[in-house]
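Sequence order for the protein chains is A and X. When you number the first sequence by the working numbering, it's gap-free, plus one each residue, and the end is 254. When you number the second sequence by the working numbering, it's gap-free, plus one each residue, and the end is 251.
Hints in this document: simulated from the structure, not taken from any laboratory. Hints may be right or wrong, so weigh each one.
Stated by the list, open to error - Beta-carbon label-pair distances, calculated as ranges:
#1 A:Ser10 to X:Asp7: 15 to 21 Å
#2 A:Gly127 to X:Gly221: 34 to 40 Å
#3 X:Leu50 to A:Ser131: 41 to 47 Å
#4 A:Asp52 to X:Gly221: 27 to 33 Å
#5 A:Ser10 to X:Phe54: 54 to 60 Å
#6 X:Thr243 to A:Gln5: 55 to 61 Å
#7 A:Thr230 to X:Phe21: 46 to 52 Å
#8 X:Thr9 to A:Glu3: 39 to 45 Å
#9 X:Glu31 to A:Gly142: 41 to 47 Å
#10 X:Asp7 to A:Phe72: 25 to 31 Å
#11 A:Lys129 to X:Arg17: 41 to 47 Å
Said to hold, decoys possible - One-sided excerpt, in silico: chain X residues whose CB lies under 10 Å from chain A:
#12 His109
#13 Glu117
#14 Asp120
#15 Tyr123
#16 Leu125
#17 Gly126
#18 Ser177
#19 Ser181
Claimed, not checked - One-sided excerpt, in silico: chain A residues whose CB lies under 7 Å from chain X:
#20 Leu50
#21 Tyr83
#22 Phe85
#23 Ala89
#24 Phe91
#25 Tyr234
Note that this is a predicted model, so its numbers are computed, not measured. From the three backbone atoms N, C-alpha and C, an ideal C-beta is built for every residue, glycine too.
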Amino acid sequence: MIEIQHLKKSFGSHHVLKDVNLNIEDGKVTSILGGSGSGKSTLIKCMIRLLDCDGGKIVVNGRDISRVKDPFRLAAVRRHFGYLFQEGALFDSMTVGENVSFGLKYLTEVPVQQYEAIVKEKLAMVGLKPSVAALNPSELSGGMRKRVSLARVLAVSPKCILYDEPTTGLDPIMSDIISDLILDMKKKIGVTSVVITHDMHSAFKISDYIAFLHEGTIMMYGTPEEFRKTDNPYVRQFVDGSSQGPIKMKLMKE
Amino acid sequence: MVTRWMDRTGGATDMVRSVCFWLVRSRFEFEQFVRQSVSVGVESFGVTALTSLFTGMVLALQAGNTIGSIFGDPIYVGTIVAFSLIRELGPVLTGVVVAGRAGAAVTAHIGTMAVTEQLDALYTLGTNPIQYLVIPRMFAFLLTMPILTLFSNLFGIVGGYLVAVYALGVPGEVYLSDITSFMDVNDFMHGFLKSFVFAFLVATVCCYQGVSTRGGAEGVGKSTTGAVVTCIVLILVLDYFLTAILTAFGI
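Could you put together the complete structure from these sequences and hints?
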C-alpha cells in the first residue's frame, strides 16, 4: 500500500499540488484523472522521486520515502517503481533489445547471457515479435514505442508501475490494446498500477479505483461505478467531456 | 545577466561535484568511455588537422614577410611557427574546434535526451545521467583533446614547413634546426598542460548545457549554441591567465 499524505508541490509561485491525500491499494489499478496541467504528472513524479515534494509524506510499505536524500537509498526507492513515460523515452542511441535489457545491468544480478531470453520474453508479454529487438526506436510507431517502453519497465519487475498518459496520442484501437495490456499486467503478475489519464473510456475500463485531481487536491475518490453516477458538477463535466460547467468558468476567470 | 551567469556557474560546479561523487561510488562505464573517445577523436580529427595546417602556413607566411622586410632575410621562421603553435595556438585551436564539433554534438545529444525524458528514464532504470553520460564523456575529452593537440602541433609545423620551404625559400634543414635548437621540454609542457584544462572546460560546459536543457527542440538549439559560445569565450579568456600562471611557475 502506498499512502500519500498532505502532499504539496509548487513551481515558483504556481502551487500545483496543494494538499493531496490518496491511498493506492496493492495489486489494483488506480487511475488519476484531471485536466491538462492539473498536476497529475507532477504527482507520480514525486512518487518515484524524479521531483522533490515541498511538504507531506509518501509512505511505501510503512516507510516515508519523501525525505530520502542519500543517492543509493534513493535508487533503492526508485527500484520499487517502474515508470512508463508519455512518449516512451526510449534511448534512441540503442536498439530496442538494448533498451529493454538496459535496467537489468543496474537493477538486477541477472548474468548478461540471459538478457536475450528476457528481452524475448518481455517483448512477447507486450505482444511484440522477437525480431523487433533489432530495430531502432526511431523505426517504431507510437503504439509500438509504448509497448517497448512497457517491456523495458517489466524487465526489471517493479512492484508498482506508474503509467504517464499511456493512451494519449494513440488511435482508439491501439488505446484499447494498451488498456488491455495494463489489465493483463495486473492479472498476470499482480503488479500495482497507477495510471494517469484523461481518457475516460480507458479509465472506466481498467480502473479498480479512480481519483479526480482538481486544483491541487483529490476532489473525488471512488470506484468507476461511483464516478459514472456522481452528481458532483466538476467530476460530471469531466466525465461527460463537456465544455459547459464549473471547470471552464474557473478557467475563464483567470 | 550576471545572476544567470552565477546560476550557471553554480550549476556546473554542482555537476562537477556529483561527477567526483559518482566517479568514486559507481562502476566506470568503460564501454561508453571508449565509444565516446572514438567519436570525439574521429569527429574532430579532420577539422583539427585542416585548421592547424593552414594556421601553420599563415604563421610562416606572415613571419617570413615581416622578418624579411626588416632583416632582408626570412630568418627564424621555424622558431616563430613552432613556438606559437606548441605554446599557444595548438591547444587553443584544438579547444575551439573540438568545442564546435564534438562539444556541440555532446550538448545536442544530452539536450535531446533531457527534453524527451530520457534522462529521467536513466534514473528510473537504476543509473543516472552523471554516471552514464557525463563521466564517460568527460574522460573521453580528457583523453582525446591532448592527443588532438599533439596532432594539431604536428600539422601546423608541417604547414609552416611547406610555406617556408616552397614559398619563402628557406632550406628545410634550417627550418627544422630553428625549431630544435630553441625548443625545450617546458615549452611542450606549457601547451600540453593547457590542453588538459581546455578539455575539462569543454567537457564541463557542454555536458552541463546538455543536462540543463529545457524547452523542446528550441531549447536544444539554444543550449548547443550557448555551449559552443561559452566554450570559445572561456578558452580565449582563460588562456591568458593560464599563460601567466604557467610562466610564473617557469613552465
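key: Non-conforming hints, listed in increasing numerical order   = Violated hints: 9, 18, 19, 25; rest satisfied.
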